[in-house]
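Asker: Here is how the chains run, residue by residue.
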Amino acid sequence: MTTTFWRESFIVFRRQLRMNLRNPAWVIIGMLQPVLYLLLFGPLLKPLVQQFGATNAYTFFVPGLLVQLGIFGAFFAGFSLIGEWREGVIEAERVTPASRTALLVGRLGRDLLQLLVQALILVGLGLVLGMTADAGGIALGIALTLLIGGACAASSNALALATKSEEVMAPVINMVMMPVLLLSGILLPMTIGPTWLQRAGDFMPIKHIVDGVRSSFGGDFAASGVLWGSVWAVVLLVLALWWGTATFRKENA
Amino acid sequence: MIHARGLVQTFTTRKGREKQQVRAVDGVDLDVAEGEVVGFLGPNGAGKTTTLRMLTTLLRPTAGTATVAGHDIIREPVEVRRRIGYVSQAGGTFSGARAGDEVMDHGMLYGRTRAQVMAEGKRLFEQFQLDGLWDRMPKTMSGGQKRRLDIVMGLIHDPTLVFLDEPTTGLDPQARANLWDHIAALRSQRGATVFITTHYLDEADTLSDRIVIIDRGRIVAADTADNLKAQVSGDLIDLEVADPGLVSLAAEKLGAIAEPPRHGLPGVEVDGVHVRGRVQRAGHAIPGLLRELEAGEITLEAIEVHRPTLDDVFLTLTGRSLRDAESGGPTDAANPADPSDPSVDRAPATGGRDAAPATGTTLTGANR
Chain A
6 MTTTFWRESF IVFRRQLRMN LRNPAWVIIG MLQPVLYLLL FGPLLKPLVQ
56 QFGATNAYTF FVPGLLVQLG IFGAFFAGFS LIGEWREGVI EAERVTPASR
106 TALLVGRLGR DLLQLLVQAL ILVGLGLVLG MTADAGGIAL GIALTLLIGG
156 ACAASSNALA LATKSEEVMA PVINMVMMPV LLLSGILLPM TIGPTWLQRA
206 GDFMPIKHIV DGVRSSFGGD FAASGVLWGS VWAVVLLVLA LWWGTATFRK
256 ENA
Chain B
13 MIHARGLVQT FTTRKGREKQ QVRAVDGVDL DVAEGEVVGF LGPNGAGKTT
63 TLRMLTTLLR PTAGTATVAG HDIIREPVEV RRRIGYVSQA GGTFSGARAG
113 DEVMDHGMLY GRTRAQVMAE GKRLFEQFQL DGLWDRMPKT MSGGQKRRLD
163 IVMGLIHDPT LVFLDEPTTG LDPQARANLW DHIAALRSQR GATVFITTHY
213 LDEADTLSDR IVIIDRGRIV AADTADNLKA QVSGDLIDLE VADPGLVSLA
263 AEKLGAIAEP PRHGLPGVEV DGVHVRGRVQ RAGHAIPGLL RELEAGEITL
313 EAIEVHRPTL DDVFLTLTGR SLRDAESGGP TDAANPADPS DPSVDRAPAT
363 GGRDAAPATG TTLTGANR
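Protein chains in written order, with our numbering: chain A, 6 to 258; chain B, 13 to 380.
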């Protein structure tokens, strides 16, 4: 049973990867995005980092960018699914005996592989630019990024199959992304904001993940942020997988 | 092969602020025997695709039960999926992927090994005249090639029952005729049971042993094409009268032997110099009619006899012609989950009185 499941997931994964590699424009754009952030926004942070209690701009900024990458890149994963649905591919896959979860997991595999490559580029470039971070912390930070990226990619796929329209999906994603970006302390730490803004940020699960990844990069594994960030990442992933599978199973998907 | 009882599918649609429950499929009973080729005929939006998607386990019925290929569609969907092939209207291959890759992946999702799928795929490519297209992308293929590729996808796991949803929609006449040959071969060469939905009369007529007609979510008839046509009152005689002044006299003569108006079919109709009416067994009636016309000194430019078409059958059964059923009415919008029924799919009418939504329908009817 499980062998069948992984085999089916792998078939779907391999197919997705093949199509991505055939059209590498998106992969390249995806890679370029964090690089541009790092090169063009990082220098702006340098004179400011003292004010929010950090010593190294890149050690502060790279973890935030990593999470942002995980969320943003993954949220757009669903767009390709709409194209596939329109051409009857999803229907053709659903009429096979393959597990519905495998149809989703195979696609997530592709998204996560892409995210992993992007994360490695980002971290590598960060190190070149002078980031100092704990090696184990980097590994844990990337792992957390993959968890949240998986959650976002699964949600994105679910949303794509539920709406079946790029025109509906794009504004929905934008609507979700704006508060996430602003309240998670990705670009600037929430601690420099007024209390009400900090409290609002506390309700944003992604903020805890950003904190977790930051603490982890700092080598401070005992920090409560690491624990809460991990808990949130796992919870979100489980919820998103459940939602994603439900849409693939759902009758009119 | 298929036994369905009371299948129902309701959708909720929004009309402005109001939510509406629409019964797209409203209590469908179906029985298809092994080795049968059944045509599932109905206008767009009648519930054809929705019924098909329930039978293929893609859509859970709101109510009702069905056994397909020996397994219950609700309790054992995976067993059903293993045994059926489904070719949807949208196809099933990504336009930007290589045809062979798509077929391989599809076959392997059925649990077959790479070698098995490769051998079967190559064989099917050859059988469906797709040799040399293994590495081509579907977007570079002709409509007919693309359709044949879709059918190859549906056959890759050697199913015993094949569902084809509107297989020839949008194809040119030559590609259609070619595809018909391939579809006919599904049974003659593979022994498969075939279930085809179509809104083309000639397609149902040509391909199927038996025709099931659906309208507004209900089955209105299920029989052989000949038996269905026999329900229509007789053959249509079309007289073209040479002298316009004698048209009403000709109508009187034809009216004496023709069927009275009923079932939505008109009685004797006059249209310019044409006089039309239905008679039982035209072969027997015509000699007498000709003598009568001659006695009235009515000269004919032409006389034509049309055997009943499935359009006539549809008209008799539902009081509407297929064409009218297509061009509007509440049933058309009643299928929100039916992405595959866009109005662009409708073939242009051929023009003329009997214009049906398929090229050549009138001809087919006339020739039989």
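Quick caveat, the hints were computed from the structure, so don't treat them as lab data.
Values in this document were obtained by computation on a predicted structure and should not be read as measured data.
Accuracy of the hints is not assured; some may be wrong.
[Stated by the list, open to error] BS3-like cross-link-like pairs, simulated, lysine-lysine; straight-line CA separation at most 27 angstroms: (1) B:K134 to A:K51; (2) B:K134 to B:K151; (3) B:K134 to A:K169; (4) A:K255 to B:K31; (5) A:K255 to A:K169.
[Unchecked claim] Derived Cβ-Cβ restraints for the label pairs, each shown as a range: (6) B:E30 to A:R91: 35 to 43 angstroms; (7) B:D170 to A:R12: 50 to 58 angstroms; (8) B:D238 to A:R254: 28 to 36 angstroms.
Every residue, glycine too, gets a C-beta built ideally from N, C-alpha and C.
Asker: The structure should be examined with respect to each hint, and the outcome stated for every one.
Answerer: These are the hints, each one checked on the structure:
| no. | hint | in the structure |
| --- | --- | --- |
| 1 | B:K134 to A:K51 | violated, 61 angstroms |
| 2 | B:K134 to B:K151 | holds, 20 angstroms |
| 3 | B:K134 to A:K169 | violated, 34 angstroms |
| 4 | A:K255 to B:K31 | holds, 21 angstroms |
| 5 | A:K255 to A:K169 | holds, 13 angstroms |
| 6 | B:E30 to A:R91: 35 to 43 angstroms | violated, 29 angstroms |
| 7 | B:D170 to A:R12: 50 to 58 angstroms | violated, 20 angstroms |
| 8 | B:D238 to A:R254: 28 to 36 angstroms | violated, 43 angstroms |
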